[in-house]
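Respectively, the protein sequence lines represent chains A and B.
Our numbering applies: residue 89 is where the first sequence begins, and numbers increase by one.
Our numbering applies: residue 3 is where the second sequence begins, and numbers increase by one.
If you are wondering where the hints come from, they were derived from the structure by calculation, not from laboratory data.
The beta-carbon is built from N, C-alpha and C at its ideal position, and this holds for glycine as well.
Please note that the accuracy of each hint is not assured.
[What the hints assert, rightly or not] Okay, the calculated beta carbon distance ranges per label pair:
#, chain 1, residue 1, chain 2, residue 2, range
1, A, Y350, B, A214, 27 to 35 Å
2, A, V111, B, N174, 51 to 59 Å
3, B, T206, A, W156, 35 to 43 Å
4, A, L104, B, T206, 41 to 49 Å
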Amino acid sequence: MARILTTNRGKWTPVLLLMPAIVTMLFVVALPLIFSLYTSLTAYRLVRPETLWDFVWFRNYTRIFGDWDFWVAFGRTILFLTIALNLEFILGLGIALLIARITWGQRTLRTIMMFPMMFSPILVGFMFKFIFNDNIGILNNALQSLGLTDRAIPWLVDAKLAMFSIIFAEVWMSTSVFAILLLAGLFAMPRDPLEAAKVDGCNSWQVFRHITLPFIMPFAFIAMTIRSLDVARAYDIVHVMTGGGPAGRTELLWTMIARTGYSDARMGQANAMAYVSTILSILFTWYFYNKLMAARRYMGGVQ
Amino acid sequence: MAGFTPLILEHSTVAGRLVQLPRHSDVSNFFYQKSLFEDEANRTAFEAEYGYPLAPPETWDQVTDMAMFFADPPNFYGFQFVGKDEAITGRFYEMLVANGGAMFDEEWNPTFNSASGVEALSFFVDLYEAGAVPAGVPNYLWDDTGLGFGSGTVAMDLDWAGWSAYFNDPANSTVAGNVGIIRAPMGSGGLRTGWSGSHTFSITEGCDNKEAAASFVSFLTDTDRQMIEARTGLLPTRPDVWEAAASEFEAAGNTFMVEVFQTFEASMAEDAFTPPLIPEWIEVSNVLWPELQAAMVGDKTAQEALDDAAEAAAEIMSDAGYN
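Bound conformation, chain A alone (with noise of 0.2 Å):
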């Protein structure tokens, strides 16, 4: 008897010890996430609640999906997450190899370096936004009182140079993530690599990419995989710098999803194209993922 009653106990002591976890995942992450997905099978409107019965199966995917503005937007949040991630990547980089090599007063430049993460989006727009004005904007008046240019740069009008602002902007706030994270990277570095390699001749640039660079891919990689979720959430940044960009020209998945779920009020039709973003941020979770492992495979070959 005793026996048996000690058994039941073990048995569920682990699952009665993760339930307060559980519980709290199925209300934050589980039940909106079938929420969505059934009301994206509906004709759903926030201002008339009755049409969450609505039923209306697939006609909200088939619409996003013959809907050419929707794969256009598609295609830009991939560019703009590809450029984004990259250029963070090379110059959280750079910056992280320069403040590894500094010995006085590393610490504070490291706080300093941070500074930009510690902003909200929706104020880093803003700023931009005052910044990137081409009348009163304070890059065009240095540009022309520095007599760089004798005409005011519409920055957030034109095609290019409104993406292009957009991803400065980004690219600005999120760079001392990779820093950090890369930083972390090369203090984890061990010691013993880098001096056999000094000792058999190897010059600075083989050591950085042969031994250095490897060994923190998989810190990128972690960088990488986080960073992807934000930018392609990019929402904050580019709704306040241009909207959508005059004529749509920097339409992006999420300033189209929140257009219409939020400002249209068709919910139903946002949640479709939220899941399809969702399915997109899967996709490239899963890609730096196993780019990850690869990398750590590779560095335990290496070790």
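Following the hints, complete the assembly by docking chain B onto the known chain A.
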């Protein structure tokens, strides 16, 4: 109810029901830099080029002429306007009405792509292409136009009453003391532009103590409360507050604010009109403003842009069951 300006109450009435009690109503009027219009050299040159004397404009065609005359990009611009979201839809809408057109007909078919609509849109497109407005205008919202006029780089600005105190404040604005104000110019249909809306309080149907809610809402919009806001320059919705605030400004010697209040009182009582009071307004606006922008930046002609928008709007209206 008798204490409110009748036109504003009318704007708050949908299908015969009063759905909201207005606390602060807004309409745009025409601000301009007085020194430019008083300068003798400007006057001679303008009359020589355009054939009529330089004076604060009465019609929007005159505004186009004067904007092109004053413009000197990139240092100075003749005019500016907001270029995205519901803001540009509203500006287009009021120009359309001032030109004698309408957004919808009686069966709720879109009619904004008529000749009046093309004329209204061409006002914005022509100014943008001529460079008489800043090139970033398609991305401007209320902050950009307000700050732009305050920076002194724009000659004329159609803007809301709330900016008056800011424009005349030397600590913030380089045009303080140099700001003139007149009622909004007229379009080709003989009407003045007067896109208007109110900040209001409503009681929901599900409210379980409507008496208390009604009493609270009446308190929030009564004379004393509106006086507090009127003193800072916000437009009231009660005629007695208009009078009282104007006389307070006069007593304090603030002639600019007196002028502002008198101008806005007249336009609020006579020129103000709202967009169609339908829930689909924002959806229609969301398909219209990207097309207006496309025409402005040259991706489409004005007629093409308005036709595309009319097609999308017709779909929205029929989906919603209007026809």
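Hints, one by one, checked against the model:
no.: 1; hint: A:Y350 to B:A214: 27 to 35 Å; in the structure: holds (31 Å)
no.: 2; hint: A:V111 to B:N174: 51 to 59 Å; in the structure: holds (53 Å)
no.: 3; hint: B:T206 to A:W156: 35 to 43 Å; in the structure: holds (40 Å)
no.: 4; hint: A:L104 to B:T206: 41 to 49 Å; in the structure: holds (44 Å)
Of the numbered hints listed earlier, not one is contradicted by the structure.
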